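Novice: Start from chain A and add chain B according to the hints.
2 protein chains.
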Amino acid sequence: MRIALDAMGGDNAPAIPVLGAVEALQHIDADLELLLVGDLDAIRQELQGLGAPRNRLHIVPASQRIGMNDPPVESVRRKPDSSIVRGVALQKSGEADAFISAGSTGAIVAASILVLGALPGTDRPAIGALLPTVAAHPTLMLDAGANTDCRAQQLEQFAHLGHIYIQDLEARARPRIGLLNIGAESGKGNELTLEAYGLLEQSDLNFVGNVEGRDIVKGDCDVLVCDGFVGNVVLKFYESVAAHVAQLASQAVAGAQMDVDLQNICRVLDYAEHGGAPLLGVDGVTIICHGDSPARGIRNAVRVAARSVEIDMVNHLRRELSGLVSARA
Amino acid sequence: MRIALDAMGGDNAPAIPVLGAVEALQHIDADLELLLVGDLDAIRQELQGLGAPRNRLHIVPASQRIGMNDPPVESVRRKPDSSIVRGVALQKSGEADAFISAGSTGAIVAASILVLGALPGTDRPAIGALLPTVAAHPTLMLDAGANTDCRAQQLEQFAHLGHIYIQDLEARARPRIGLLNIGAESGKGNELTLEAYGLLEQSDLNFVGNVEGRDIVKGDCDVLVCDGFVGNVVLKFYESVAAHVAQLASQAVAGAQMDVDLQNICRVLDYAEHGGAPLLGVDGVTIICHGDSPARGIRNAVRVAARSVEIDMVNHLRRELSGLVSARA
Numbered sequence: 015m016r017i018a019l020d021a022m023g024g025d026n027a028p029a030i031p032v033l034g035a036v037e038a039l040q041h042i043d044a045d046l047e048l049l050l051v052g053d054l055d056a057i058r059q060e061l062q063g064l065g066a067p068r069n070r071l072h073i074v075p076a077s078q079r080i081g082m083n084d085p086p087v088e089s090v091r092r093k094p095d096s097s098i099v100r101g102v103a104l105q106k107s108g109e110a111d112a113f114i115s116a117g118s119t120g121a122i123v124a125a126s127i128l129v130l131g132a133l134p135g136t137d138r139p140a141i142g143a144l145l146p147t148v149a150a151h152p153t154l155m156l157d158a159g160a161n162t163d164c165r166a167q168q169l170e171q172f173a174h175l176g177h178i179y180i181q182d183l184e185a186r187a188r189p190r191i192g193l194l195n196i197g198a199e200s201g202k203g204n205e206l207t208l209e210a211y212g213l214l215e216q217s218d219l220n221f222v223g224n225v226e227g228r229d230i231v232k233g234d235c236d237v238l239v240c241d242g243f244v245g246n247v248v249l250k251f252y253e254s255v256a257a258h259v260a261q262l263a264s265q266a267v268a269g270a271q272m273d274v275d276l277q278n279i280c281r282v283l284d285y286a287e288h289g290g291a292p293l294l295g296v297d298g299v300t301i302i303c304h305g306d307s308p309a310r311g312i313r314n315a316v317r318v319a320a321r322s323v324e325i326d327m328v329n330h331l332r333r334e335l336s337g338l339v340s341a342r343a
Numbered sequence: 015m016r017i018a019l020d021a022m023g024g025d026n027a028p029a030i031p032v033l034g035a036v037e038a039l040q041h042i043d044a045d046l047e048l049l050l051v052g053d054l055d056a057i058r059q060e061l062q063g064l065g066a067p068r069n070r071l072h073i074v075p076a077s078q079r080i081g082m083n084d085p086p087v088e089s090v091r092r093k094p095d096s097s098i099v100r101g102v103a104l105q106k107s108g109e110a111d112a113f114i115s116a117g118s119t120g121a122i123v124a125a126s127i128l129v130l131g132a133l134p135g136t137d138r139p140a141i142g143a144l145l146p147t148v149a150a151h152p153t154l155m156l157d158a159g160a161n162t163d164c165r166a167q168q169l170e171q172f173a174h175l176g177h178i179y180i181q182d183l184e185a186r187a188r189p190r191i192g193l194l195n196i197g198a199e200s201g202k203g204n205e206l207t208l209e210a211y212g213l214l215e216q217s218d219l220n221f222v223g224n225v226e227g228r229d230i231v232k233g234d235c236d237v238l239v240c241d242g243f244v245g246n247v248v249l250k251f252y253e254s255v256a257a258h259v260a261q262l263a264s265q266a267v268a269g270a271q272m273d274v275d276l277q278n279i280c281r282v283l284d285y286a287e288h289g290g291a292p293l294l295g296v297d298g299v300t301i302i303c304h305g306d307s308p309a310r311g312i313r314n315a316v317r318v319a320a321r322s323v324e325i326d327m328v329n330h331l332r333r334e335l336s337g338l339v340s341a342r343a
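Read top to bottom, the protein sequences are chains A and B.
Sequential numbering from 15 applies to the first sequence in my numbering.
Sequential numbering from 15 applies to the second sequence in my numbering.
Extracted from the complex, chain A is given alone in its bound form (with noise of 0.2 Å):
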């Protein structure tokens, strides 16, 4: 298996995606190469000292770079030579399985999608978010900011990823399908819910209803649904006041003790740890990592592309979505 890895992608680069990279191939016990894509120089740099096994590590070479702020569909067709467009290119062409990147959100999903293109049956693919919940699993969130406007079959889409998701990475079965919205009820919501709630009803898939912005943490679904705007407002939202109260606390509380227990609070929290987020619904295995992603982040982002790939996640998905479609016909 080959993993293709953004070396230019996140604050860090190339540093923190060279060292997440070697960590994995320590660590990860599998049949596993990692195409590290990217300024040639630069990643021979950042990898003298590391140790890093050569025949399992290779370099792709990348002229160009999308920047964070760079506008994300301009560039990938300004920049066919960024690390972000011929890592994902490597999976067209058969030379990886699976792309990572800490860089630009916007331009790694306009490339997916420019490259690799949407699977039958899915309007366009969305990222999931898996957000820590008081409850044993997190839960995925999707969209997490792939698409601004939604239609409510859209939302119905990204139950079933997210199903097949959860099902797969996560071996949950008949995983909960929760909407997100503004009330318990059925009858609450704006337009967009109201319709995608009917949908939901009638698919065959473990709906259990709208959840409300105050039951997200409860992680009573395993799956929450809605659009990529709510979504990443929630996304960034929770990311900002977990540091700001954890950082209350810390200020509070002095002494070693705190230190310790701190961390574990942030561990709960911790995105990282769960390895960046997928984006589902394209023909191929994309993970965005967190600009900030430290290397354990990056290593395990690896570890789900892996897992991702193993079990041959794309696939199951193109047959869940075609059997949708061919329902409907």
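For the record, the hints were derived by calculation from the structure and aren't laboratory data.
Bear in mind the structure is a predicted one, so any value in this text is a computation, not a measurement.
Among the hints, erroneous ones may be present.
[As the list claims (entries may be wrong)] Label-pair distances were calculated between CB atoms; the ranges are:
(1) A:26 / B:197: 18 to 24 Å
(2) A:87 / B:131: 45 to 51 Å
(3) B:108 / A:150: 56 to 62 Å
(4) A:87 / B:188: 36 to 42 Å
(5) B:188 / A:95: 47 to 53 Å
(6) A:82 / B:336: 43 to 49 Å
(7) B:131 / A:334: 49 to 55 Å
Idealized CB from N, CA, C, for every residue including glycine.
Specialist: Below, chain B alone, put in the same frame as chain A:
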């Protein structure tokens, strides 16, 4: 000044609203009388032993009650003698200057619109929620849930409503207006926020641009504008995440030191401090309290209502909005 208070609204009614009313009269040094609206016998029973100044505390009997899960508009039409409809109507008849309730938000909004009407230049009123921030002041987010689907013009109206509220109630000059969005740059957003951005940019408000989910807690704006769906999700999510993290911190650290400090953390995140959410854009003063507001929350809501009446906020809003209408004409 006379303020009507729904004695039957909230999780612990009539005990908490009655206690809150008595405390308000004890603490607020103003020419203030309170009208408790609801079941005469139940209110009288709660008043026993509280030492309420009876010349400043009156009971307005209302035989019906709207439950938290009753359909709002239908209930308001079917229960004309409910504490909410009677309480709102006291403003219309000139018997009260404001109304406060911890009951069903939907019913309070519906009754206020049906009985009092919206101010000229306002399509529909919006709920303003004061969100705690790490800055010195909270941010007024609106709409927090009165309008599930909004047009861009409504978001602009919300901005004007919030502008006046923060100027008058919080005494902050030139309030900074932010637009809740999924990117900091002007070209980011969904159809609604892209159009609203243009309107806010052209307005004479102190528009400071887009505010991402992660920036809400920073408090970089005084007024944060969004549609009621997103606002409601954010508000409820905020409450629950804050409680969740505070709980984790509490579990992690034992001892009296932490108990004290945890109270400080919770106070930062305590909505009761701010005394309820104003319904802005309605032709009257309506304050919505949290269903589980403690007596202190009710007392602070009375303070906010009294201040709103004192400074004649409604007529200030009327002038601002009519100026907006005539500037357009």
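Novice: So the hint says 56 to 62 Å: do the beta-carbon atoms of residue 108 (chain B) and residue 150 (chain A) match that?
Specialist: Once the Cβ atoms are compared, 58 Å apart, the range 56 to 62 Å for residue 150 (chain A) and residue 108 (chain B) holds.
Novice: Indicate whether the distance between the beta carbons of residue 131 (chain B) and residue 334 (chain A) respects the range 49 to 55 Å.
Specialist: holds (51 Å)
Novice: That 47 to 53 Å hint for residue 188 (chain B) and residue 95 (chain A) (C-beta), does it hold up?
Specialist: holds (48 Å)
Novice: Taking 18 to 24 Å as the hint, is the beta-carbon distance of residue 26 (chain A) and residue 197 (chain B) inside that range?
Specialist: holds (22 Å)
Novice: With respect to the beta-carbon atoms only, verify the hint that residue 82 (chain A) and residue 336 (chain B) lie 43 to 49 Å apart.
Specialist: holds (44 Å)
Novice: Are residue 87 (chain A) and residue 188 (chain B) spaced within 36 to 42 Å by their CB atoms?
Specialist: For residue 188 (chain B) against residue 87 (chain A), whose Cβ atoms are near 37 Å apart, the range 36 to 42 Å holds.
Novice: For residue 87 (chain A) and residue 131 (chain B), compare the CB-CB distance with the range 45 to 51 Å and indicate the outcome.
Specialist: Holds, since residue 87 (chain A) and residue 131 (chain B) (Cβ atoms, about 46 Å apart) stay within the stated range.
In terms of the numbered hints stated before, the structure departs from none.
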